[in-house]
Amino acid sequence: MTFRRSAPLVLISAIALVVAAASIISSLLFTRMISSVEAKQFSLMHSIVAFNLRGAEDRAQARAAMIADLPRARALFAARDRAGLLAEYSKMFADQKDKYGVDQAQFHSLPPTSFLRLNDPENFGDDLSKFRPIVVAVNRDQTPRKGFAIARSGPAIVGVVPMFDPQEKHIGSFEFGIAFDDLLDNLKNAYNLEMAVFIDEKSLHEFAKGVDPAIYSDQNRVGKFIRFHSTSSAVFQSLVSDKDLNTTENTQYVREALGVTYGIVLVPLRNGAGDVVGMVAATSDFSASRSSRTRAFVWQALIALFSIVLLAGVTLIIIRGILLRPLEVITSRFATLSTENESAEIPEPDMLCDELKGLARQYENLRSARKREAE
Amino acid sequence: MSLPLNVRQASACRNLVVDKLKFVEHQTGALSLGAFALLLLLFAAQTAAAQSPPAATALPAGSERAGVQPEGRASQASTQDLTSLPLGKGLPVMVRVGLYFQRITAFDDNQGTFTGTFDMRLRWEDPRLRYPAETTPRGFQEFRGPNAEQKLKEVWIPQVAFTNLKESPANQTTSLRIFPDGWVELMERTTGQFSVPINAGSFPFDKQSLDVEITVRRETTGEASLVVLQEDIDFSRPAQDLSIDGWTPGLVNIKRFTQPGWYGEFQSGLVVGLNVARKPVYVVATVFIPLLASLLIPLLAIWMNSTEEGEFKTDAFELANIIVGGLFAVIALNFTINAAYRSVATGDNTVTRLFGLNYVTLGVGLAVVVLLYRYNVPMRFCGRYVQEQMFSYLSWAVPLLAVGTALAFILVGAS
Chain A
1 MTFRRSAPLV LISAIALVVA AASIISSLLF TRMISSVEAK QFSLMHSIVA FNLRGAEDRA
61 QARAAMIADL PRARALFAAR DRAGLLAEYS KMFADQKDKY GVDQAQFHSL PPTSFLRLND
121 PENFGDDLSK FRPIVVAVNR DQTPRKGFAI ARSGPAIVGV VPMFDPQEKH IGSFEFGIAF
181 DDLLDNLKNA YNLEMAVFID EKSLHEFAKG VDPAIYSDQN RVGKFIRFHS TSSAVFQSLV
241 SDKDLNTTEN TQYVREALGV TYGIVLVPLR NGAGDVVGMV AATSDFSASR SSRTRAFVWQ
301 ALIALFSIVL LAGVTLIIIR GILLRPLEVI TSRFATLSTE NESAEIPEPD MLCDELKGLA
361 RQYENLRSAR KREAE
Chain B
1001 MSLPLNVRQA SACRNLVVDK LKFVEHQTGA LSLGAFALLL LLFAAQTAAA QSPPAATALP
1061 AGSERAGVQP EGRASQASTQ DLTSLPLGKG LPVMVRVGLY FQRITAFDDN QGTFTGTFDM
1121 RLRWEDPRLR YPAETTPRGF QEFRGPNAEQ KLKEVWIPQV AFTNLKESPA NQTTSLRIFP
1181 DGWVELMERT TGQFSVPINA GSFPFDKQSL DVEITVRRET TGEASLVVLQ EDIDFSRPAQ
1241 DLSIDGWTPG LVNIKRFTQP GWYGEFQSGL VVGLNVARKP VYVVATVFIP LLASLLIPLL
1301 AIWMNSTEEG EFKTDAFELA NIIVGGLFAV IALNFTINAA YRSVATGDNT VTRLFGLNYV
1361 TLGVGLAVVV LLYRYNVPMR FCGRYVQEQM FSYLSWAVPL LAVGTALAFI LVGAS
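Respectively, the protein sequence lines represent chains A and B.
In terms of our numbering, the first sequence opens at residue 1 and continues consecutively.
In terms of our numbering, the second sequence opens at residue 1001 and continues consecutively.
Please note: incorrect hints may appear among the correct ones.
Here are the computed distance ranges between Cβ atoms for each label pair [claimed, not checked]: (1) GLN1102/B <-> THR247/A: 55 to 61 Å; (2) SER129/A <-> GLN1102/B: 53 to 59 Å; (3) GLY274/A <-> LEU1407/B: 54 to 60 Å; (4) GLN219/A <-> ARG1144/B: 51 to 57 Å; (5) SER1243/B <-> MET92/A: 50 to 56 Å; (6) GLU1134/B <-> ARG80/A: 32 to 38 Å; (7) GLN1240/B <-> PRO213/A: 25 to 31 Å; (8) LYS224/A <-> PHE1257/B: 36 to 42 Å; (9) LYS1279/B <-> SER90/A: 38 to 44 Å; (10) GLN219/A <-> THR1173/B: 32 to 38 Å; (11) ARG270/A <-> ALA1106/B: 52 to 58 Å; (12) THR336/A <-> THR1336/B: 56 to 62 Å; (13) GLY1090/B <-> SER129/A: 34 to 40 Å.
Quick caveat, the hints were computed from the structure, so don't treat them as lab data.
Beta carbons: idealized from backbone N, C-alpha and C, even for Gly.
Let the sequences and hints guide you as you build the complete structure.
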């Protein structure tokens, strides 16, 4: 082992280790900071989706409550005057559908049976107790409820309220359903989030007899789900797979599609019985935070390189330039002095460090003595 | 088709006469003129309604702000001003926008312009234009060429403009379809030059967006709003065979914005942008190889010397000449690249950073030549062995740091 090699090696290795460790820790901290920003973004996306779903539920329920409380509606429904109800409210429904994204409106008689669908007046009389748990619950408890449901005309966010005749006797219920299309498109326009809703295909086949059969195409099929509506099909084809949808909780992940990194949140849609029968997906462009992460890593690596190289330089120059190299010269002079008659002086002895100056002085004394002896 | 115009003309005439008579009444105070005025009014209205209006008298769409009038009943449809804002579906009128990038003939990132042909599709619902479906075997009424121009003057259309169009379009053709359910589809093919902002921060790994800015010029956001639904996204795409020299076309991105108007109002707008990625391979030979090669010049000046017992063997003057030659080479390269890629001449990007690195390395090389080789500063202060070790250290440390920094600049640009 030579000190010339091993000492700088040990010192430079120690420097490299410390600087690398500091850089890694710094990089981890920055990554955590970026992750925290992304987590906040995810949280915001969850909140946006949840808030708007809840808002749609409230709007559906408020509309349903207003109609259910109208004396004319109560009287006509109590008299089971289907034609009268249709004449009274079909224009109202058409306006609601045209302007406010309302997709469904239905009177339910007891036991839970479709009495009149304003969105599909020809189809009525079907039993709702099997596939409309929310309608069953409202008529059982005589309390308004809201939530997600797959009705005959498709999935919707519904508000269901009980209806009473003029003598306050419970006679059934009324519901409004808001379509996902309108809701998701508005969310995209407001927040620049790409949105999609995935619905369990089996439930769709079973309950939503009125939906366009073209929806069941292979392009829309994602595992057991059907992509019922999306604001950008190209993006969601790459971002959401059947494995991702195989969850019953709020989920979030980051994935790259079409050269862009996206953050995706999945919010399950549950029916009145609490079963997951759909999923709302929202995505946002995360390229900026991901790019910042890479850039920060590169800059930190460069700073680490500069630190190691500069500290290594100081180490090498001091150990070799001030200590080892002069020592090597003095040693070689001593060797020459001991074996040969001719010996040279040590160059610039004043520039040596104090510890070596003594040695150089001893060499000069010895060399002078030899010279005198020779003379 | 001419009936609404006749009625409008009659109405305008009637208003004019009433205004004139009010003025006369005010001046003379003669109430007896009232009866005469009524007769004159009826005569004028009937005369105007009986005449077929010349096209030149038709009110050009967009020549004035369309008034907001309540929609009348079906029996009054013929008396409606169809150029007013359609209120039948509530406000704002949702105007759906799609933009198809048919061809891009040129993209000059130095000038920040691109030239291309686009199909803009606007769709909105105007219940006043509903008609029985059985009257059109094709399922819609279609107007093209002069017929479309004429029809556009007779119905409400959102006054939409390309706000980043540099000059008048080289070509613009319009087609109008009206569907029985009142949906109106305006298709406009435009060829023109558009200006776009260029962000060369990631040059040559940059992605640019060939933006077409569409803004509603007349109606406020409360009256008409531009929206994009799935069908419009599907429509908004580049043509299959669209190609741009030196660039790879990607997806179409659509962003909504609002533009401040008068009295605290806003106007709706959309930016439909085709993302394009630069092909960096073309730039490597012309920009990066010279830039990295010029980085070697100051390093050569350091390497070309040698030392013995701290004494340098090569004359500093010769090595300083290399540095000065390198400085001129980098300046010349800077001028050449700035002339060819004006977009990277200013601002912070990989190329300007690499130029900066070149100048810094030249400065370091010059400092080594002057301080170390010429004046032996380390030897004067710390002895010859320190100078010897410093030379040995600089011989590998400067190249390592220069190459490491260049690599970092490129990686940051690519990220």
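Results of checking the hints against the structure:
| no. | hint | result |
| --- | --- | --- |
| 1 | GLN1102/B <-> THR247/A: 55 to 61 Å | 42 Å, violated |
| 2 | SER129/A <-> GLN1102/B: 53 to 59 Å | 55 Å, holds |
| 3 | GLY274/A <-> LEU1407/B: 54 to 60 Å | 56 Å, holds |
| 4 | GLN219/A <-> ARG1144/B: 51 to 57 Å | 34 Å, violated |
| 5 | SER1243/B <-> MET92/A: 50 to 56 Å | 53 Å, holds |
| 6 | GLU1134/B <-> ARG80/A: 32 to 38 Å | 37 Å, holds |
| 7 | GLN1240/B <-> PRO213/A: 25 to 31 Å | 29 Å, holds |
| 8 | LYS224/A <-> PHE1257/B: 36 to 42 Å | 39 Å, holds |
| 9 | LYS1279/B <-> SER90/A: 38 to 44 Å | 59 Å, violated |
| 10 | GLN219/A <-> THR1173/B: 32 to 38 Å | 33 Å, holds |
| 11 | ARG270/A <-> ALA1106/B: 52 to 58 Å | 54 Å, holds |
| 12 | THR336/A <-> THR1336/B: 56 to 62 Å | 58 Å, holds |
| 13 | GLY1090/B <-> SER129/A: 34 to 40 Å | 37 Å, holds |
Hint check: violations occur at hints 1, 4 and 9; the rest are consistent with the structure.
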